[in-house]
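*Asks:* Take a look at the letters that make up each chain.
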Amino acid sequence: MGNMEFVIEAEGLTKTFGSFVANDNLNFNVKKGEIFGFLGANGAGKTTAIRILCGLLLPTSGKISVAGFDVYTQTEAIKKHIGYMSQRFSLYEDLSIYENFRFYGGIYGMSRSKIKEKTSEMLGRLGIESLRNSIIASLPLGIRQKLAFSVAIMHSPQIVFLDEPTGGVDPITRRQFWEMIYEAAAQGITVFVTTHYMDEAEYCNRVSIMVDGRIEALDTPRNLKDKYQAKDMDGVFLKLARKAG
Amino acid sequence: MLPIIFIIPIVQLLILSYAVTFEIKSIRLSITDNDNTVASRRLAGHFRSSPFYNIVGESADQRDGAEMLHNGSAHQMIVLLPGFEKALAKGQPAHVQIVTDAINGSAAALMNAYTLQIIGDYNREILAEVSPQAGMPVKLTWSYWFNPQLDYKTYMVPGILVLLVTIIGMFLSGMNVVREKELGTIEQINVTPIRKHQFIAGKLIPFWIIALFELAIGLLVARLVFSIPILGNIFLIFVVASVYLFVVMGIGLFISTLTNTQQQSMFISWFVLVIFILMSGLFTPAESMPQWAQNLNIINPIAYFISIIRMIMLKGSGIHDIMIPLIILAGYGSAVLSLSVWRYRKTI
Numbered sequence: 028m029g030n031m032e033f034v035i036e037a038e039g040l041t042k043t044f045g046s047f048v049a050n051d052n053l054n055f056n057v058k059k060g061e062i063f064g065f066l067g068a069n070g071a072g073k074t075t076a077i078r079i080l081c082g083l084l085l086p087t088s089g090k091i092s093v094a095g096f097d098v099y100t101q102t103e104a105i106k107k108h109i110g111y112m113s114q115r116f117s118l119y120e121d122l123s124i125y126e127n128f129r130f131y132g133g134i135y136g137m138s139r140s141k142i143k144e145k146t147s148e149m150l151g152r153l154g155i156e157s158l159r160n161s162i163i164a165s166l167p168l169g170i171r172q173k174l175a176f177s178v179a180i181m182h183s184p185q186i187v188f189l190d191e192p193t194g195g196v197d198p199i200t201r202r203q204f205w206e207m208i209y210e211a212a213a214q215g216i217t218v219f220v221t222t223h224y225m226d227e228a229e230y231c232n233r234v235s236i237m238v239d240g241r242i243e244a245l246d247t248p249r250n251l252k253d254k255y256q257a258k259d260m261d262g263v264f265l266k267l268a269r270k271a272g
Numbered sequence: 016m017l018p019i020i021f022i023i024p025i026v027q028l029l030i031l032s033y034a035v036t037f038e039i040k041s042i043r044l045s046i047t048d049n050d051n052t053v054a055s056r057r058l059a060g061h062f063r064s065s066p067f068y069n070i071v072g073e074s075a076d077q078r079d080g081a082e083m084l085h086n087g088s089a090h091q092m093i094v095l096l097p098g099f100e101k102a103l104a105k106g107q108p109a110h111v112q113i114v115t116d117a118i119n120g121s122a123a124a125l126m127n128a129y130t131l132q133i134i135g136d137y138n139r140e141i142l143a144e145v146s147p148q149a150g151m152p153v154k155l156t157w158s159y160w161f162n163p164q165l166d167y168k169t170y171m172v173p174g175i176l177v178l179l180v181t182i183i184g185m186f187l188s189g190m191n192v193v194r195e196k197e198l199g200t201i202e203q204i205n206v207t208p209i210r211k212h213q214f215i216a217g218k219l220i221p222f223w224i225i226a227l228f229e230l231a232i233g234l235l236v237a238r239l240v241f242s243i244p245i246l247g248n249i250f251l252i253f254v255v256a257s258v259y260l261f262v263v264m265g266i267g268l269f270i271s272t273l274t275n276t277q278q279q280s281m282f283i284s285w286f287v288l289v290i291f292i293l294m295s296g297l298f299t300p301a302e303s304m305p306q307w308a309q310n311l312n313i314i315n316p317i318a319y320f321i322s323i324i325r326m327i328m329l330k331g332s333g334i335h336d337i338m339i340p341l342i343i344l345a346g347y348g349s350a351v352l353s354l355s356v357w358r359y360r361k362t363i
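Going line by line, the protein sequences match chains A and B. Sequential numbering from 28 applies to the first sequence in my numbering. Sequential numbering from 16 applies to the second sequence in my numbering.
Bear in mind the hints are in silico, worked out from the structure with no lab data behind them. Hints are not guaranteed to be accurate.
Stated by the list, open to error - Taking lysine-lysine pairs in the BS3-like style, the calculated list, with each CA pair at most 25 Å apart, reads:
(1) A:Lys266 - A:Lys254
(2) B:Lys361 - B:Lys211
(3) B:Lys361 - A:Lys107
(4) B:Lys168 - B:Lys154
(5) B:Lys211 - A:Lys107
(6) B:Lys154 - B:Lys105
(7) A:Lys90 - A:Lys107
(8) A:Lys90 - B:Lys361
(9) A:Lys270 - A:Lys258
(10) A:Lys141 - A:Lys90
(11) B:Lys196 - A:Lys107
(12) A:Lys58 - A:Lys254
Claimed, not checked - Per the computed footprint, the stretches of chain A lying under chain B, defined by three or more beta-carbons under 8 Å from a beta-carbon of chain B, are:
(13) 44 to 51
(14) 122 to 135
Just so we're clear, the structure is a prediction, and the values are computed from it rather than from any experiment. Note that CB positions come from ideal geometry on N, CA and C, so glycine has one too.
Model the full structure from these sequences, guided by the hints.
*Replies:* Have a look at this one:
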């Protein structure tokens, strides 16, 4: 176990598929309670890295620990302490909101009363208690995304991984979604989020920018803007991407 | 996918064309000779020298033959009554009883046609030697056991009930896992600390209950609409079905762990199912298949269950008669389920 301050430690994380290098020697640490933005264009290797950190995929090499557990040998222990919201929408569409909460809560070993309590608390915060028994398929995308996030953190994980959580939703919902992320961080949940919306990068405590499988920059948004003399993160990203191209 | 599309139909063509046959090549015959004279032994000799008959029992007590018909080790029993030779000598009718296991009505009719031909040959010999003017010397009494009217439905319906639970079990459980792969929900499941056996159990139990429920409805329809006799214990049918479902659902789940789309899973399940169904003895007698095909049936769960359900429903067989196939099914079920738990990967 490394430094207690860090919940994710990656040293030389490398993943190859045949001759294709998806992640090339990534080095980064994520602090407890931090909102860590993991940026990059489509195909830059974000999803591969997030899958490795979640124990869905084994890395080719590197020394990586998540929540103090090793990603090679302790994947199931990692899974107890993380939440995950994938790019593809992943609640069961033919179940109701409450059934989804009950199902995922049950997997994490939460008691029935705890699940009930947590569900009404979270639905209350979203202001949709009346939809408790609605089938997911009948809900608009924005609400579904917020629900998927709620389900991902209902068991109070140490870290929640969000893989492009705001893809395809309107700006207002994106805004609300980020408010939820801040609330989660305020409760001490570390947030590891990938996105390709550069305006969202401004909301993160620190961001890393991936280009072609490598981390090209890693710092706070302010420092990055200073360093690359850009007025916003879009500018930073374009400069880095152009350099690589 | 492309190789599967080409290979599977060819494999089916080769296996099924050789294996599935309506011919009966080896009739298992039990002979009870209560006359025990030169004439009676000569008739028995006719059966013995025929390539279509396989003499599985010879006894002076016809209860032995009846027992063999009950436990399925004989298809047909022939009883030569005392006074056979004397009657022939006097030109009186000599009585022979033929008892046939008629669970498979069409096979029974075919077996009787063969038997009739052999008796006919014998008759002509006797006529040539003794008195060409007399009538047919040997007088036959037929009886069909387990399905006296040779009713096709009596034979088919229990087998179709088996198909019903098989299709529910194999397709629904397998499709369900692959559907989660297609929707992406499986990824969400895989990042949770759920144990592999818990996941498989979750995919197994609901469809297991549904299939047993369908079997109950099917049995009710068989009884009420088709008046199929259920001589044995209904509870025993459900015990066997419960065990059997683990086998077919295990196969379905195993296929689903190997495939990525419902289309692939459907195609492979269908291939396995068609071979298993056609070789199972549902339509054609499984015993007349070539030996290699019968060996293949060792891994055919449908063949086991069809033979067991016919025994229970039509013969009234009890737990002792079906113990061995039941144990085989149980072992088979645990093997395929372990295999699918092992093969299910929580990583990509």
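*Asks:* Run through the hints listed earlier and report the numbers of any the structure violates, in increasing order.
*Replies:* Of the numbered hints given earlier, those the structure breaks are 4, 10, 13, listed in rising order.
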